[in-house]
Structure formats: structure tokens, C-alpha cells
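Colleague: Okay, here's what each chain looks like letter by letter:
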Amino acid sequence: MSAPRLKLRKYAVAAIAAVQERLAYRGSFLGEGLTYALWVFVFSRIWRAAYAGRAELAGYGLSQMVWYFIAAELPSFAAGRPFWSLSDDMKSGQVAYLVSRPYDFVAYNFSQGAGQALASGLAYLAEGILLGLAFAGPLPVSSVLQAAAALASLALAASIQYLLQLAIAMTAFWAEENSAFYWIFSKLALVLGTLMPLEMLSETAQRVTWWTPFPALAYVPARILAAWPGAPAAARLLGFQLAWLALSFLACEAIYAAARSRFAVNGG
Amino acid sequence: MVAISAASLSKSFRAKVRPAGLRASLKSLARPDYRVVEAVREVSFEVEVGEVVAFLGPNGAGKSTTIKMLTGILRPSSGTASVLGLDPCRQRVALARSIGAVFGQRSQLWFHLTPADGFRLLGAVYEVEPKALGRKIPELVERFGIGAYMDVPLRKLSLGERIRCEIAASLIHEPKVLFLDEPTIGLDLVVKREVRALLAELAKRDGATVFITSHDVGDIERVCKRAIIIHHGGVVVDESMKELRHRSLSRKYIGVKYASPVDLDLGELKPVKRTPTAASYVVDTREHRLEEVLRALVGRGELEDLTVEDEDLEDIIARIYEARP
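In order, the protein sequences belong to chains A and B. Okay, so the first sequence: first residue is 0 according to numbering that gives the first Met the number 0, each after it adds one. Okay, so the second sequence: first residue is 0 according to numbering that gives the first Met the number 0, each after it adds one.
By construction, these hints were calculated from the structure, which means they are not laboratory data. From the three backbone atoms N, C-alpha and C, an ideal C-beta is built for every residue, glycine too. Among the hints, erroneous ones may be present.
Below, a list of computed lysine-lysine pairs in the DSBU-like style, where the Cα atoms sit at most 35 Å apart [said to hold, decoys possible]:
| # | chain 1 | residue 1 | chain 2 | residue 2 |
| --- | --- | --- | --- | --- |
| 1 | A | K6 | B | K15 |
| 2 | B | K15 | A | K90 |
| 3 | B | K155 | A | K90 |
| 4 | B | K155 | A | K6 |
| 5 | B | K203 | B | K272 |
| 6 | B | K130 | B | K175 |
| 7 | B | K191 | A | K90 |
| 8 | B | K272 | A | K6 |
| 9 | A | K186 | B | K26 |
| 10 | A | K6 | B | K130 |
| 11 | B | K175 | A | K90 |
| 12 | B | K135 | A | K6 |
| 13 | B | K241 | A | K90 |
| 14 | B | K203 | B | K191 |
| 15 | B | K251 | B | K241 |
| 16 | B | K15 | A | K186 |
| 17 | B | K203 | B | K256 |
Derived CB-CB ranges, DEER-like [unchecked claim]:
| # | chain 1 | residue 1 | chain 2 | residue 2 | range |
| --- | --- | --- | --- | --- | --- |
| 18 | A | A23 | B | R318 | 47 to 57 Å |
| 19 | A | W38 | B | G59 | 30 to 40 Å |
| 20 | A | R47 | B | A147 | 51 to 61 Å |
| 21 | A | W209 | B | P57 | 54 to 64 Å |
| 22 | B | D205 | A | A147 | 26 to 36 Å |
| 23 | B | E173 | A | E252 | 23 to 33 Å |
| 24 | B | A19 | A | S84 | 29 to 39 Å |
Residues from chain A that face chain B, not an exhaustive set, calculated with beta carbons under 8 Å [said to hold, decoys possible]:
| # | residue |
| --- | --- |
| 25 | R8 |
| 26 | S260 |
| 27 | F262 |
I would like the entire structure built from these sequences, with the hints used as guidance.
Modeller: What follows is the structure in C-alpha cells.
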């Protein structure tokens, strides 16, 4: 096997190991799956009430809106909340033990996150489709292109979600208590594109939001799935996500490089 | 040829200080106080290729901090370190390919996966060719006797079984230098003995350079040829195990038992333990001639038993620690 292949193989094997680890817990799938179902059920009822007497809101019909919510929630459920475990590792010093290996720390963590998100994401996708069929009606996908774009966008959204959580977790090297940062991030992510499409925000709020990564986390995949904007617009939306994926990755690498000198090992 | 060298290696941390009480807590919130903790101070030593060295010291002496600087985990505050000619901090990734490390309290294998999966993952991380890995894993499994638990998730293994797997895993990429930080911590006596035998065999068979930190003298007696003792962040002893053992020659433990009660005081030499018919003495042979002490004891009455023992290595090291409070 060539040296570059051997170098890249470790990240693939780490992702596969993360899939295996995720599958080790059938119980957690069940608990999180129930939460997702309950969340979708509650919001499908709320939207039904909001639509009373109306055919559409901000260009979305009721069925589209429920499908939008199902897709918007999926990446964050798939990525999970790695912030908490990563942040604990930084605070306890456990992270220091992970650096004495021949790999890129961010890429290795990302591979693990991607593996876990893939295993969870496929389960949530199946569940989401069933929930959508039950609460919203037929799947609003009319072409293979739309289905492929939606799947790619969901994967990109979960990846950006993981990297942003890693970046926030690494603030633990400077701030003793960093959970407030995550709290702000998760609430903004919920408001800016998850609970409702961006079209429902004021024009100023929309303009500002497009300068942040939040549309890449939920709005883009949900829009592509629930209200196909056409191939050129979908390509632009996927490009937006790819740009944020690259930016998030580079931000993580920069934060990690800056944090490297701050490693301490509790009890060492 | 030098495998590991440390020259005036130091590490200090800034630790937040928070005095007790509500007022102090409020004050600390507005203006936190910090104290500089010197974990390692000016530590210097060299380890030759193939040497098996014990790095000893009581809790908090700076052993683990030193090993973490040598493996590139921590950046030294001052001084330099070199392992296999590489700077652990600047050339961390290159060095990682040539060293193995086992931290007794931390796991390098994934907790929810089986050791078999963990070995494959570590093999990939260390860029071991899949074919070579296919040959290496069964060899390690046989050598460490871990075949029975290769398919059991790590979290279900006992601590002893896990440590065996951890040490085997650290050899997956055939490291030239092996760092072991408290490898027997928390193990029961039987498992400790097994792990020590494995380490002794490893050093003998592979000829690898092994650097062990421990506060358990038993680990050292069985495995190492040289001991570096660190206390309060600095090196206080650096000598061969033979030399360290020689320190025991100046101190003898004498036990004596008589058929009937006798006078057990030997002038200046007082027993450290006594009953009417038995006593124990600690004799410093630089102050008292052993022959004279034994003759005096034999002449006191009808002897039932007499023993003369060297000092335990554990006691020797404890005395070294006590001499530098």
C-alpha cells in the first residue's frame, strides 16, 4: 500500500470504528429516536394550528413545512452533542493523551464524528421519512437529482455541525466554563433556520444570517428537500455549505494550533 | 548511543488559587489569584539504547509530567528533551511513529470496542501495512495471552486484562522506545506479578529501550537495570540497580530470639522492637561492627533463632525521599 494511502487509511478506519461504536448502543438509538419522533409530532401539530385557514406561509405549504422541519432537525440529531464530551476531554486533560499519535488531531476527530453521524444519520433518515409520510404526506422529492442533493446537503450540514461544536469545545483551553458559548450557538441554530425557514425572518435578519454558518446547518438541506429551488440555486446552496465546511475545518485547525501550548494534564 | 536525553528540563503550571469562604470566592471571581507550580525542575539524564530505566518518585514528584514532556504531550517551560534524536514537542508526529506509550490510568483502546477492533484501529493510526498487521496481531495475542478476550468489549474486561491488552497494543508498530507510566497502578498482587513478568520478558527479548515511571518498587526490582529517583521535581539519585542495592549493605536488620528472658540492651544500640525473650535491631554498619554486635547477642543467653537481613529496596527509596523533605 502506498504511503499516501496508508496516511489516509487511518481516518477511514477511525470513521468505521466510530460506526461500530455507535452501533454498540441500541438503547441510545431508541431514546434519541423517540425524542426526534416526539419533536416532529409536536411541531407538526403546531404548524397545523398556525396554518389554520391558510394555504401557505412564506411560500411553504403545510406539508412542505413539516417536511422542512423533519429535514432541518436531522443533521443536528445525527451529529449529536459532541461538544459535551469533547469539552470534558479538554478540561480534564484527557485530550493531551490523544495528541501523542501520528495523526492530524482535527481530521481524526472529524473522522470519528463523521462515522458516528453516518450511523445515526441513516437511522434518523429512515425514521424521518416514516414520520413525514405519517404527519406530512408524500415525500416532496421529484427527481434523483433532488434526492442526491438533499442527501449531500444533509451530510454537509451534519459535518459542519460537528466541526463548529469541536471549535466551541476547544474554547475550554481559555475559558474554564464554556458551556454558555454552546448554549448560545445551539439556540441561534434553532432560531436561524431550524424551527422555521429563513424566509419567515425579516429581510434584514435574513441578510445578516447569510453571513453566518447557521443556514448551512439546517436551512439548506431542509430547503432542498422540502421546496426544491431548482438545480442552479441548489448548487449555490451546496457551494455555500462547502465553503462553511472548509472554513469550519480551518478554524478548528487554527484554534487547535493556538491551544497546543496550553495543554495541561490534571494530576500529572 | 543515546535514546532519551533530558537537559535541564523544567515544567511549571499556573494554578488558580481559591481560598476557602464566601468572601474569598467573591474576591476570586473579580480578581483571581494564581500560583506557579513547578512540577519539574531542571531534570537532566540520558538513557542509552536498549536500557531499561525506572523513573521513581513519590506521588506528585514530577514523574508523569516528565514522561509527558518526553512523549510530546506537554511542552517544557525550559530545557530540552530529545528522544531518538527528535524533539518530542516540535517533531511530535515523526516521534510518535517510533515510540509506544502506556498510561496506566488512561486507555488508548476504545472503551466500547473489542481489543481486536482497537488493535486494527491503532495499526491503521500508526500506518502499519495491513498484511504486516495481520501477522503482528496474532503474535501479540499469543505472547500476551489475550486470545480469550480479543472479542470482548474493553469495558467488560478486568483492569488486569485491560492492561495486558494496552501493553500489547502499544507494541503494534514495533516501537524503539516504550514509555510506561504507572503500568501496574490499581492491579492486585497476582496481576502485578504477571504484568512485571511480561515487561521483563519484553525488555529481554526485544531489546527495546524501556522507560518506566512507577511508585511501586516491585515493578522496578523485577524489570529495571537502572533507577532515576525524582523528588520535588528534581533528580536526587541516578544509579544502577546494583549500586542502589549496595546502599542496603550499610544497614542490616537483625532479629534474635532466646529460650528465656535476657537483657536486650547493647549499650548504644537499642532494639527497635522487643519482648522479654526477643528483639529486632537496625544496625548501621558504619557505626557498629556487625561481627561485634552478633557476638554480643550470641553471648546474652541460649539462642533459639537469629536472622540477619538486608534492607528492602522499598525502605532504601523511602529513606532517600525522607532525606530530602
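Colleague: Next step is simple, just say for each hint if it's right about the structure.
Modeller: Hint check results:
1. A/K6 / B/K15: violated, 41 Å
2. B/K15 / A/K90: holds, 14 Å
3. B/K155 / A/K90: Judged against 35 Å, a Cα distance of about 26 Å means the pair holds.
4. B/K155 / A/K6: holds, 31 Å
5. B/K203 / B/K272: Distance ~42 Å between B/K203 and B/K272 Cα, so the pair is violated.
6. B/K130 / B/K175: holds, 21 Å
7. B/K191 / A/K90: holds, 31 Å
8. B/K272 / A/K6: Status violated; Cα separation ~66 Å.
9. A/K186 / B/K26: With a Cα-Cα distance of about 32 Å, the restraint between A/K186 and B/K26 holds, given a limit of 35 Å.
10. A/K6 / B/K130: Cα-Cα ~16 Å, so holds.
11. B/K175 / A/K90: holds, 32 Å
12. B/K135 / A/K6: Status holds; Cα separation ~19 Å.
13. B/K241 / A/K90: violated, 43 Å
14. B/K203 / B/K191: OK: B/K203 and B/K191 at ~18 Å, within 35 Å.
15. B/K251 / B/K241: holds, 17 Å
16. B/K15 / A/K186: holds, 32 Å
17. B/K203 / B/K256: With a Cα-Cα distance of about 43 Å, the restraint between B/K203 and B/K256 is violated, given a limit of 35 Å.
18. A/A23 / B/R318: 47 to 57 Å: holds, 50 Å
19. A/W38 / B/G59: 30 to 40 Å: violated, 49 Å
20. A/R47 / B/A147: 51 to 61 Å: Taking Cβ atoms as reference, A/R47 and B/A147 lie about 58 Å apart, which means the hint holds.
21. A/W209 / B/P57: 54 to 64 Å: 60 Å Cβ-Cβ, so the 54 to 64 Å window holds.
22. B/D205 / A/A147: 26 to 36 Å: Because 52 Å falls outside the window, the suggested range is violated.
23. B/E173 / A/E252: 23 to 33 Å: Holds - the Cβ-Cβ distance for B/E173 and A/E252, about 30 Å, lies within 23 to 33 Å.
24. B/A19 / A/S84: 29 to 39 Å: With Cβ atoms ~32 Å apart, the hint holds.
25. R8: holds, 5 Å
26. S260: Holds: closest Cβ of chain B sits about 6 Å from A/S260, inside 8 Å.
27. F262: holds, 6 Å
Hint check: violations occur at hints 1, 5, 8, 13, 17, 19, 22; the rest are consistent with the structure.
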